[in-house]
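**Student:** In case you want the letters, here they are:
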Amino acid sequence: MAITVPRPNLNWRERLYLPAIAAGLAITIKHFTNMIFGRTKVTMEYPEEKWDSNLPDHYRGAPALVRDTDGRVRCVACQLCEFICPPRAIKIVPGEISPTDRFAKVEKFPDAFDIDMIRCIYCGMCEEVCPEQAIYLRKDYAITGFTREDMVHHKDKLLEIGGVMHGVVLKWNQRK
Amino acid sequence: MNYVFIGTSLAKIIGLLGFVLGLMNYAVYAERRVSALMQDRLGPNRVGFAGLAQPFADAGKFLLKEQFTPAQVNKFYYFLAPCLAMIPAIITISVVPFGSTLFGVPMVIADINVGILFVFAIASLGVYGIVLAGWSSNSKYPFLGGVRSSSQMISYELSLALAVIPIFMLVGNLRLTNVVQYQIDNGWLIAPFFGDWTNPGKWLLAIPMLISFVVFLIAILAETNRLPFDLPEAEQELAGGYHTEYASMKFGMFFLGEYIAMITGSAIIVTLFFGGWHFPGIPDGSHGWIFGLINIAVFFTKVCALIFLFMWVRWTLPRFRWDQLMRLGWLFFFEIALVNIFIVAIILMFVH
Ligand code: SF4
Ligand code: SF4
Chain A
11 MAITVPRPNL NWRERLYLPA IAAGLAITIK HFTNMIFGRT KVTMEYPEEK WDSNLPDHYR
71 GAPALVRDTD GRVRCVACQL CEFICPPRAI KIVPGEISPT DRFAKVEKFP DAFDIDMIRC
131 IYCGMCEEVC PEQAIYLRKD YAITGFTRED MVHHKDKLLE IGGVMHGVVL KWNQRK
Chain B
4 MNYVFIGTSL AKIIGLLGFV LGLMNYAVYA ERRVSALMQD RLGPNRVGFA GLAQPFADAG
64 KFLLKEQFTP AQVNKFYYFL APCLAMIPAI ITISVVPFGS TLFGVPMVIA DINVGILFVF
124 AIASLGVYGI VLAGWSSNSK YPFLGGVRSS SQMISYELSL ALAVIPIFML VGNLRLTNVV
184 QYQIDNGWLI APFFGDWTNP GKWLLAIPML ISFVVFLIAI LAETNRLPFD LPEAEQELAG
244 GYHTEYASMK FGMFFLGEYI AMITGSAIIV TLFFGGWHFP GIPDGSHGWI FGLINIAVFF
304 TKVCALIFLF MWVRWTLPRF RWDQLMRLGW LFFFEIALVN IFIVAIILMF VH
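The listed protein sequences correspond, in order, to chains A and B.
With the working numbering, the residue at position 65 of the first sequence is 75, and numbering never jumps.
With the working numbering, the residue at position 185 of the second sequence is 188, and numbering never jumps.
In short, the hints are calculated from the structure, not lab data.
Bear in mind that the values here come from a model prediction, so they are computed numbers and not experimental data.
One should not assume that every hint holds.
[Unchecked claim] Under the rule of at most 20 Å between Cα atoms (straight-line distance), these lysine to aspartate or glutamate pairs were calculated in the EDC-like manner: (1) A/Lys40 x B/Glu34; (2) A/Lys51 x B/Asp43; (3) A/Lys40 x B/Asp287.
[Said to hold, decoys possible] To spell it out: a stretch of chain A is covered by chain B in this simulated footprint if at least three of its residues, at any positions, have a beta carbon under 8 Å from a beta carbon of chain B; those stretches are: (4) 30-41; (5) 47-58.
[As the list claims (entries may be wrong)] Label-pair ranges, simulated between beta-carbon atoms: (6) A/Ile39 x B/Gly51: 25 to 33 Å; (7) B/Ile344 x A/Ile39: 42 to 50 Å; (8) B/Thr304 x A/Leu35: 18 to 26 Å; (9) A/Val103 x B/Gly63: 28 to 36 Å; (10) B/Asp43 x A/Ala152: 19 to 27 Å; (11) B/Ile210 x A/Leu35: 42 to 50 Å; (12) B/Gly63 x A/Gln143: 49 to 57 Å.
Here a beta-carbon is modelled for each residue, glycine too, at the ideal position from N, C-alpha and C.
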């Protein structure tokens, strides 16, 4: 169906265009001078100025492993996160905890735990699926490296980002 | 023909070329910063102090990029086009007096008596670069850009030439140094505040001069493919226009050619309407070499001010539609410039 677009009838002053052009030039020069004299502040110059303190609580940054208050790596190498991770960024090699260990009844721990940060899409599925609440998405977002290998976070790095998590899961306590 | 003449000419050519090329690079930088500031952005401010080394980084990037040549292009014209886009723009500046005298040497490379005709003749060759680029690329968007460019140039060249006729009726000479000399004696053409400023005839003449200036400015905008007349390279419509198929420094040549054309255009406007290197109260170079240098500085300051005006216009106005562009050129500016000639003629008849 053809639609006739109504064209406004301009009076002679509008049809001269010059007032409109002058008004436009005035607007742009106003923006220009405001920027020159620092009256407008829109851009945050990234590496010098950061927004880190304003990141919301639900911010999803780099996934990281956490230790509990006893210093044990919370992860029990159940590999659920490896299974659910949509881009398959996680690779886990489970290891066995020796029977003499204090946490012998946990049975398994991750011998190696790699997250390929080139693949990770920061979806948070791993955090959601983890039965041990051992993996969390932290607020780190500037993940850089010069090689592909640099971009793989190994267990040490993950634990370093993660730090210690207090409370929540206490089922592996000695008394239980 | 003596050696002093050859030596000074060579020195002037090298000096001016170097300076204009430098100015061009910084015009690109300025364009990016000015556009950014007008849009509340910051623009390139990282390379060097406040981004001032950005042009060198850009040049390095352009030179190091792969010289990619599409398979089906007409090789000869494809390589010729970038040169043709840049060279005419550089050549035209040779007749513009960019200063008074320095150590007794007049600061103009070629003080020829056809002055402005030479400018028009050479500047209109610039369109060949664009048309050849569009045609030899063997691709439809560049082709459309080239076709648009040729029709646009032809339309606006008319008003360009007609707009300056009043000046030469007034000055009585085509030599650009004489135009400047006239303005030194009688006041700048669009602002005759000095000389015998009580003469009402001069003020009467300033009105058609202003009309001339506006028409000439707009025609120069069209000639240099600047917004609002950048139809040959309309990014949103033509995927970049005539230089779509060009890469690395060949693209860079088109890009820089546009800026050189802008500098030359500004230089000509300054010479014709703003008194060239003259500034009231500052004597010319015969009073000492320091004044010669100041004259040159005044000239390029005016040029830079006009370049800023070009940028300001570019980042304010939207692009014209094709038919609007043609109607504007043929039905308005052409007629205005034509009528303007008669107005000046009548005024001159009664005043002189
Ligand atoms: S955040 Fe998503 S993509 Fe990244 S490791 Fe966890 S599950 Fe995989
Ligand atoms: S889901 Fe949790 S406990 Fe299981 S392997 Fe992943 S991080 Fe470890």
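**Student:** In ascending order, which of the hints set out earlier in this document are inconsistent with the structure?
**Tutor:** The structure conflicts with hints 3, 7, 9, 11, although it agrees with all the remaining ones.
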